[in-house]
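Visitor: Residues per chain are reported as follows:
There are 2 protein chains.
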Amino acid sequence: MACTVLKFGGTSVADLDRIATVADIVSARAAAGEHLAVVVSAMAGETNRLVELARQAAGEDAVRETFDDEHDVVVSSGEQVTSGLLALALRRRGMPSRSWLGWQLCMNTDDDHGRARILGFADSGLPEAVEAGEIAVVAGFQGVTARGRVATLGRGGSDTSAVAVAAALGAQRCDIYTDVDGVYTTDPRIVPKARRLERISYEEMLEMASLGARVLQTRSVELAMNHGVTVRVLSSFSAPGDENPGTLVCSEDEILEKQVVSGVAYSRDEAKITLFGVEDRPGVSARIFSLLAAAGVNVDMIVQANARGEGQANMVFTCTHRESATARRMLEEARGEIDFERLEVNTDVAKVSIIGVGMKSHTGVAETMFRALYDKGINIDVISTSEIKISVLIEASYTELAVRALHTAFGLDAA
Amino acid sequence: MACTVLKFGGTSVADLDRIATVADIVSARAAAGEHLAVVVSAMAGETNRLVELARQAAGEDAVRETFDDEHDVVVSSGEQVTSGLLALALRRRGMPSRSWLGWQLCMNTDDDHGRARILGFADSGLPEAVEAGEIAVVAGFQGVTARGRVATLGRGGSDTSAVAVAAALGAQRCDIYTDVDGVYTTDPRIVPKARRLERISYEEMLEMASLGARVLQTRSVELAMNHGVTVRVLSSFSAPGDENPGTLVCSEDEILEKQVVSGVAYSRDEAKITLFGVEDRPGVSARIFSLLAAAGVNVDMIVQANARGEGQANMVFTCTHRESATARRMLEEARGEIDFERLEVNTDVAKVSIIGVGMKSHTGVAETMFRALYDKGINIDVISTSEIKISVLIEASYTELAVRALHTAFGLDAA
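These protein sequence lines are chains Y and H, in that order. For the first sequence, the numbering used here assigns the number 1 to the initial residue and increments by one for each residue that follows. For the second sequence, the numbering used here assigns the number 1 to the initial residue and increments by one for each residue that follows.
Hint data in this document are derived by calculation from the structure and do not stem from the laboratory. Since this is a predicted model, take the numbers as computed values, not measurements. Any given hint might turn out to be false.
Output of the computed footprint for chain H on chain Y, the stretches with three or more beta carbons under 8 Å from beta carbons of chain H [to be verified]:
id, segment
1, 84 to 93
2, 101 to 114
A partial selection of chain H residues facing chain Y, derived with a Cβ cut-off under 8 Å [to be verified]:
id, residue
3, G59
4, E70
5, R92
6, M95
7, Q104
8, N108
For every residue, glycine included, the Cβ atom is placed at its ideal position computed from N, Cα and C.
All chains, please: the whole structure from these sequences, using the hints.
Guide: Below is the structure:
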């Protein structure tokens, strides 16, 4: 259908003034003839408040990974409120509009509450309403299970809702309005000369997102890639008349001028775990990582090196800070089964990565990267690579220096 | 079904501590073998907050009588949150429990949003769940229209929800937990010797409720009467082990010892409107009150007296403060059509009433009432009576004095 899906996040609907601004943006686009579905998040801070209420009512001491169905009943009310308020604000502007909650939208999910996956859409009347010119205001983040229970998609789930609705409607594009005006070559707080990218491929965006450049939720980018939904990231805070086109997240084919390196990303939530003197026999590595996987530890970089050539090796891997505690406990407990001399956890590390689809067809990228770091006296601890990314683990205090050096070395600085 | 419906109002679920207390009360009853459905209101203050958000988003200047369907989407989220939180708190206590929102409950209403009427219940699985021993936590105040939209029942609607659920389940009783421990012979703030009634008939309760003794919403009492649901009003604030049985609201037949007068009620939200010199010809009264009815003015007491025997009469009627402004405007505008000399609005009046089913079979009740007031020097302005009620309009400053005098005169003071 010739329609567009817009999505406004929590900071864009933080209060009634912001909701009024959103209503102005949406009204102007609808008045210009666009058929629109608008996906909204909870007002900023509301989800945290509701999660905390649910946590305390349930008597949970710690942050949980999985949730109760009732947790979702409580938490999903935040998006419900925003959707009703925006529909009211649009009607005030003379725009035909109505809200759509997860159960009205018939957005079916599995029953993995708190991080449910979207299974599909049943007949709901949504496409017909949008076709007829009514602005559909969709409560993001929520769906309904086969058992008729409310399910939420997990943090940042409204991005995923928006892309899913766009795919279901066959929308021309999904515009994600947020508090930044696009995807940048790197974090502008570190590199003031960072540039907004006009286009970025799904694959690059996925690497950026998973590395902590939190503009779009990773799942939403995957979904967009799988369904070929073109996503645009743009600011809801621009002054009227001063809107810029944001960044288009699209397939590689739609990007004519491919940069060798599109961006520099970093993550400080890295822990480096070293197992010294691991017995060097077949099957030991497999055993270690199957134990960690079973405990829910997402291992990222892995390096193994023979330590002394005496049937012993040192094993290095990285994971997040929080998971490193679990990893340490698991490995200590498994010591009878897995023989090693000593375990060391270092959280004073950061991962810096260069990302670019052009890397596939260019040589010398790694060399340029390593030389740029060497020139600044930055020591590389661990290296990992993919087709479109090279990551290095360095001492945390060098993070900004490394990001700036790489941004310059790959010609990303704004003129 | 052998089950009981419990209802907890906003002050009873005002915060997580209060919700924990409610969970304790419910758990204890379930553990004793009762099958329960629990209807909850929004946390105290939450509905006001949501109403205000909706009002501002819609750009409404004044309080409205009718509402938008989106208003209901916003406002109904309050009960949703409480129902999820209580279900979590019950599970924490090892009790099988789940929340039921209006659309899950299939509580069908008309589409008079903001004050919708319940039409009935469709198949939802609720009776089966309660039968099986699961505690059903029902979000009060909300239903769903034939068009699949959320509808709210209006202020105090959770009482009505509770009675409707009790009727639908064929429950033995509906226990309304609130912040008072029952229905009193009069307002204990005015008469410290006021006594808690053990039983009160539906008819008496209706008169009490409509006169401002706001323990139960009038609609819920009507519904209970029509469906023969026995209602019990009791406190959720009693210390454990110190619970009292509250007040039973039931049919007259179930009350063996009928009091001549069960209670003394009062209302200060009264305005007395006098039309002086109304043309005294057939059809004028009918025209006046049809105009007022069309404007939504609920006229209460009415008195007409010939003024000077010259084809002119004075007409007196009462309504609420707010409605008196509408009434004045309507009547002034209709002056061409309805001839009168002068219109006077007096809001410095109060209505004091004695209520009792025993009145039907006793004489001399009015005399006792008027004498008691006369003895205190209280002038009676207007009188109206029904089978089980006598009301008088007096000067507002005499309200407390009149209530105390009548409470004593009819032997209601506690020993």
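Visitor: Each hint should be assessed against the structure and marked as holding or not.
Guide: Status of the hints after comparison with the structure:
Residues of the segment 84 to 93 of chain Y lying with their CB closer than 8 Å to a CB of chain H number 8, which satisfies the three-residue condition for coverage. For the segment 101 to 114 of chain Y, the stated coverage by chain H is satisfied: 3 residues place a CB nearer than 8 Å to a CB of that chain, which reaches the threshold of 3. The closest approach between the C-beta of G59 (chain H) and any C-beta of chain Y is roughly 5 Å, which is under the 8 Å cut-off, so the hint is satisfied. For the restraint placing E70 (chain H) at the interface with chain Y, the shortest Cβ-Cβ distance is roughly 4 Å, inside the 8 Å limit, so the hint holds.
At about 5 Å, the closest approach between the beta carbon of R92 (chain H) and any beta carbon in chain Y falls short of 8 Å, and the interface hint on this residue holds. Restraint check, M95 (chain H) versus chain Y: the minimum CB separation of about 12 Å is more than 8 Å; hint violated. Checking Q104 (chain H) against chain Y by beta carbon gives a least distance of about 6 Å; that is within 8 Å, so the hint holds. A cut of 8 Å between beta carbons decides the hint on N108 (chain H): the least distance to chain Y is about 15 Å, and the hint is violated.
Comparing the model with each numbered hint stated earlier shows that hints 6 and 8 do not hold.
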